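Peer 1: Taking the numbering used here, the leading residue of the sequence shown gets 1133, the next gets one more, and so forth.
Treat the hints as calculated values from the structure; they're not laboratory data. Careful, some of the hints might be misleading.
Now the in silico label distances, taken between C-beta atoms and shown as ranges [unchecked claim]:
| no. | residue 1 | residue 2 | range |
| --- | --- | --- | --- |
| 1 | P1221 | A1541 | 17 to 23 Å |
| 2 | E1323 | A1550 | 43 to 49 Å |
| 3 | P1223 | D1279 | 29 to 35 Å |
| 4 | P1217 | S1374 | 42 to 48 Å |
| 5 | G1469 | S1220 | 27 to 33 Å |
| 6 | F1415 | P1267 | 25 to 31 Å |
| 7 | A1487 | D1384 | 18 to 24 Å |
Just so it is clear, the structure is predicted and the values come from calculations on it, not from any experiment. Beta carbons are placed, not taken as given, at the ideal position from N, Cα and C, and that holds for glycine.
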Amino acid sequence: MVRTQYRRLMVALVGLGLACTDAAESPCADGYKKNSDGMCIESPATTETPDNTVNTDTGEARDTGDPVLAPPESDPGWALDPVQPCESPGPLSFSDQSSVIGDMVPWSGAHWVRYGPAAWVQNSADQWAAVWHQPDGIHWAMVDGSDAGVIEVEFGSRFIPLDVDEDGTLDLLYFGGNVGVVWSFLEPDVEETIFFSTTEGEICGWVEIMIGDFSGDGLPDLLAPTGFECSVPVFPQLAVQSEGRRFDTIIDSPVYTVGATVDSETMDLDGDGDLDVYLCNDFGPINGPNQWLLNDGSGGFTLGETRGSGPTTYCMSVSAADFNQDGELDFLIDGIGSQFALVNHPDGFIDYWEAWGLPTLLTSEDMPWGGAATDIDNDGRTDIVMSSSTFSHFTDDDGEPAYLYLQTAPGVFEDSGAAFGFPQGANTRAVAARDVNGDGVLDILMADYRRSPWMYLSEGCTKENWLAIEAPLGTEVKVFTGDEVRAGLVTHHQGFSGFGPTQHHMGLGAHTMVDRVTARVPGVGEVELNSSFTLPRRIRWAPEGR
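Turn these sequences into a full structure, and let the hints steer you where they fit.
Peer 2: Below, the structure written as C-alpha cells:
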C-alpha cells in the first residue's frame, strides 16, 4: 500500500478561527484557467449546435448524442452532455466488489473509528476512489484497484472531501479534537495544513463541521455548528475564507444550539437566496430537538421555525429528497429508536414513516447511522439506503443488516437489501451513492466499524431513464416532465458522514424527455433551462467565474 507523502504547515487557531498561510503559486489543473483574481476556475466547455432530428414513431425531438449541446442564449450558464442511451438494458443488480479496495479483515482490539465516514471521490483525471477511516489513518483506494494509500493523522473522527480552496483539485477536511486539511488530495503534489484549535476551559471537539459558501463571496467557508461533549453551550462559529486557503474572519452567532449536532443538511431552508443548515441533533430527549440555522446573508445565524421538521430524537442522519414527487424537498431523519419521513406540505412537515409501513429500528443494538434518500433503481421514486450497527460492536460478531427500501409504488416500500446482496450481518456506518462505473445506475459504498468498506457496483444500465445535475452546493432544482415535477438538492452529502461529488442524480423512469429545469442557486437566484432535451444525460450549471 502506498503511503501519501505531504509537507506539513503548522498554524494555531483560536476557536475554529484564524487560519492559513497563502497557497503557493501553482499552475491550474487541466480544464481550468486563472481568472482576474488569480483563482483557478473551470474553463467553459466548447459547445456545438446539436444535430436534432425527429423520432417518426413518437414525434419527439432527439439529438445525435455526439457533441455537447449548447442551450439557447435565454438559458446562460447551462451545458448539456451527450445523451447516454442504454444499449442493452437489464434488471437492477449489484456485484460485491469490496475486495478490490480493502482486505475486509476484521480489526481487532479497541479503536477510535467509531463514526465510520466514507466517500466516493474523483481525482483531476476523473478517476474514482473510495475513502474511509481505519485505526491507522484515512485510507483511499482507486475503484479499479490500480493504487491505494493512507494518510496518517494524529486526530480525526470525520472527514469531508471538497475543493475547499477552489483551485480545481480535491481537498480533504478532517476533524475531531482539532481540524486539518489535506490540500490537493489524491494529486502528486500533496500538502497538508494542520489547524490547532483551542478553547477557554474545556477542550471541545467537533463531530460535525459544514463546508459551504455561507458568506456569499464565492468561496467555501467552514461552519462549526456546536461543540461536542462540552458542559457549556458552544455558539455556531463561521470561519470565512477570504481568499484561497485564508480563513481570517470569524463570525460568532450568539444563539443557543443543543450542543450535540451529529449530522446536517446544507441548503436554502427559508428561500432567501443564501445557504442555511438543518441540524440533526443527538441526545434530543436530554438537550432538545433538531433545529434550523438560518443565515442572515453574511454568515451570521439565527434559529428558524422548523415547521414540524424538528423532531426530538437521538438523531444520527438527515437527507433531503422529494419523497412523494410533488416538487418539494422532504427530509429523511434517522435516529436511535425513531426514524422519520417528513413530507413537506403547505402547512408544515408531516411524518409518513409509519403510514408508509417502514419498520422502526428501536434499540441501540440495531441503530441506524447513514441514511441516503435517493433513487436507486431510476424509476422516478425516492428509495432509502440505511446502514445499521451498534455503537461499539466488539461484543456482537453477528452484526446487523444494511437496508435497502425500494419505493415500488407511491408510498409503498419494499425491503430489498437481502435480495440485492447487501450485508445482513455487518457493522455498517456511512453510506454514499454515486454512479461510479458510468452506467447511469448508482453504486453503493458503506463504511464498516470493524473492517474496510462494502463496495457494491451496479451490473449495467437499466431501461429506466435518469438525469444527473451539477451545480453549486445547495442548489435546489426542479425538473418538469409533462404534467409532473420533481425536486432535488445538489449536494455532496448523503446522510451521516457519507459524501460524493457535488451533484444530484434523479431517476425519471419511463420519461424520455425533460421539458424544462429550474434551479435556485444560492447567491444567484433562480436560473432556468427553458428548452426541452432528451434523456438520459448529465447537465450542469456553471457559468464562467463561478
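Peer 1: Evaluate each hint against the coordinates.
Peer 2: Checked hints:
1. Taking 17 to 23 Å as the suggested C-beta distance range, the pair P1221 and A1541 conforms, at roughly 21 Å.
2. The hinted range of 43 to 49 Å is satisfied by E1323 and A1550, whose Cβ atoms lie roughly 45 Å apart.
3. Separated by about 33 Å at the C-beta atoms, P1223 and D1279 satisfy the suggested range of 29 to 35 Å.
4. Between P1217 and S1374 the C-beta distance comes to about 46 Å, which sits within the given range of 42 to 48 Å.
5. Taking 27 to 33 Å as the suggested C-beta distance range, the pair G1469 and S1220 does not conform, at roughly 45 Å.
6. Look at F1415 against P1267: about 26 Å separates their beta carbons, and that is inside 25 to 31 Å.
7. The supplied range of 18 to 24 Å is broken by A1487 and D1384, whose beta-carbon atoms lie about 42 Å from each other.
Hint compliance for this structure: hints 5 and 7 are broken, all remaining hints hold.
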